[in-house]
Amino acid sequence: MLFAHGFGCSQEMWRHVVPGFAEDHRVVLFDHVGAGGSQLDAYDRRKYDTLHGYADDILEIIEALDLQDVVYVGHSVSAMMGVLAAIRDPSRFGALVLVGPSPRYIDDGDYRGGFSRTDIEGLLDTLDANYLGWSSAIAPIITGNADRPELGEELTESFCRTDPEIAGHFARVTFLSDNRRDLEEVTVPTLVIQTREDAIAPTSVGEYVHERIAGSAFTLLDATGHTPNLSEPGKLTEAIRAFLS
Amino acid sequence: MAADPGELYEHAACGLLLTDGGGIVQRANRTFLAWTGHRRDEVEGQRFDSLLTAAGRLFVETRFLPVLRLEGSVHELALELRRADGGSLTVLMNAVAAVPDGPVHIAVMKATQRRDYERELLQARRAAERSESGVRMLQAAATAFADTVTRQGVADALADAAGRAFDAAQSAVLLLENRELGIAGGSHPLGADALLDRDGPELRVLRGDDELVLSDPAEVEASFPHLAAPLRRARVEALSATLVREEGKAAGVLTCFFGRPRQLTREELDLQASLCRLAGQALTRIALQETLRELALQDELTGLPNRALLRGRLVEALAEARAERRAVALIFVDLDGFKAINDELGHAVGDRVLAEVAQRLSQVVRRSDTIGRYGGDEFMVICRGANPRTARAIAERLAGAVRAPLADMPPGVGVTASIGVAALHPSGEEFLSADGLVAAADAAMYAAKREGRDGIRIVEPSPAELV
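Line order of the protein sequences matches chains A and B. This note's numbering puts the first residue of the first sequence at -11, with every later residue one more than the last. This note's numbering puts the first residue of the second sequence at 150, with every later residue one more than the last.
No lab work stands behind these hints, which were simulated from the structure alone. We put the CB at the ideal spot given by N, CA and C, even for glycine. Check each hint, because a few of them may be wrong.
Chain A is faced by these chain B residues, among others (derived, beta-carbon under 10 Å) [claimed, not checked]:
id: 1; residue: THR239
id: 2; residue: LEU271
id: 3; residue: GLY408
id: 4; residue: ARG411
Per label pair, the in silico range of CB-to-CB distance [claimed, not checked]:
id: 5; chain 1: B; residue 1: GLY235; chain 2: A; residue 2: GLU199; range: 28 to 38 Å
id: 6; chain 1: A; residue 1: ALA202; chain 2: B; residue 2: ARG179; range: 46 to 56 Å
id: 7; chain 1: A; residue 1: ARG169; chain 2: B; residue 2: ARG353; range: 20 to 30 Å
id: 8; chain 1: B; residue 1: SER282; chain 2: A; residue 2: GLU199; range: 40 to 50 Å
id: 9; chain 1: B; residue 1: SER282; chain 2: A; residue 2: LEU47; range: 29 to 39 Å
id: 10; chain 1: B; residue 1: GLY235; chain 2: A; residue 2: ASP95; range: 13 to 23 Å
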């Protein structure tokens, strides 16, 4: 199983989910280039100006580790990266699990993504506001917390850190992409997992994805918010297991 | 005065909220309600993220909540709250979740003024950074252009500079060469074929649009329906094309291809135009250098190849003759009576005679022959594949061309030619000396001159005789 994290964090997003699969699956975790503990100097803006750049990385990981019959679990924007990778080379994938996917965040005609272009500009502004005064070098948004020693110092160092420049670019690529047309090209068995009241990817968007991927399954999780991998890891694990069996 | 904790809470100098583990607001203090203008029932019982602007929600869901859940607290987050009157309130927020998935205590401080100030600072810094990086990119491109000596080198450097400046997935530079548009630098997702036979962005720009931007697949489809599918297969969703001019004339096109919808700013388009302008200047310089190189090999007066070029051609011809065991002849033409014209009628008349003779000689040689001015009043003709008989025929035509009366000359004033021919027929791998052949033809010419003017002398040296 290959777990891919979304915009804003790192592979730590899966820390409560992985134990539920580690016993009977080979579990592969990674940070996207530009996020977490990845090598920031590998961030090539031309390559990562499109989700295809990330999809190519996913295929490269699969190739390098010689993974077969991969269950790809992608959260948020990584759901669409998985879609692109699985279209490129379906032979490697056993299943796609898309958690809180959105093929397009910006409203377009009858399509309701939930946001306007101005909202996205506002997000970039908010990112700026929160990274103001940081040097352009790596700076963790949160430093160690004595009350939660289990996180450990090593973890804290790489966890959710990012470079403001890269975060801004990743945000643009994430929220300004449009992958609606790619959905119908998916041939790999797919599960769409949606929570109630997801402020990033509304239920109607989850249903849109489900309707356009032929033969896909849809699970409405008894959870709220965009990050069930953190808020309801047990229920998320259960839903994925039910689909795989 | 006894402090009432309830009073302290309700009227604290900051907004206070308590949410449950699911993000539903359980309690809000009066300060929070007063700042945001919401009624209590519009806050309590509602989701916390419903109190935020859309941008704030995006940030909270992707950044704040993951960090809060993993770390237990978040400090000094800058956010925008939605106010009842439709406006927004900029705040700094701290949040603490003592127990994982347990209640979250949130405090917000008004930060509007500070935020406005920071935003201004940031905008100024961003503007400065953008203009600095624009200048840096132009400087880097100018350096790259200066280092190139070929048109292709300029095209490559332009494609590379633009690709990096605009984060383009691919970038290509097409140049017009002999009126045909071809890919000269970078990489083009559709390859050369797709461009040439059908209308595309590049041709559109060449025909006078100067600049073309297609921001998303819908715009591509609307402008070039036949390119929509191939571009989609090549993962191109948006593109920009800009004209490259050389001395004011259309010389080529820079195209940047993007893998997602892109809206280029005026600033970016200006930078693109500036890069193209620099590239155009580099193309002009290279064209000039090429002209100079040609001039260096060309005789200025007659327009014929000069001695340096003749020598180069002779070496080539001899190598060919040796490889193919083919005949080759070298004809040396020296004008008789030219010195007198030059001395008596002046250099200007002399120059005119040389130009006229050169013109006539050029007309009587074969298409495959190379004729040039060797120096002064000496001309040389390299005749590939000519046996002695052919060489003699050519020499006789040359003599006849020189002998014909010159225009605008006093009666009795004219020139003839003394011609020496060295004809070779290599039969093996022996070395053929260009200098030796020139010396042989030169000697034959002098022999002809000594025998009286207007004569032809042919020698057939063996390769071994040529030193």
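Do the hints match the structure? See the list:
no. : hint                                 : in the structure
1   : THR239                               : 8 Å, holds
2   : LEU271                               : 6 Å, holds
3   : GLY408                               : 3 Å, holds
4   : ARG411                               : 8 Å, holds
5   : GLY235(B) with GLU199(A): 28 to 38 Å : 34 Å, holds
6   : ALA202(A) with ARG179(B): 46 to 56 Å : 54 Å, holds
7   : ARG169(A) with ARG353(B): 20 to 30 Å : 25 Å, holds
8   : SER282(B) with GLU199(A): 40 to 50 Å : 44 Å, holds
9   : SER282(B) with LEU47(A): 29 to 39 Å  : 32 Å, holds
10  : GLY235(B) with ASP95(A): 13 to 23 Å  : 19 Å, holds
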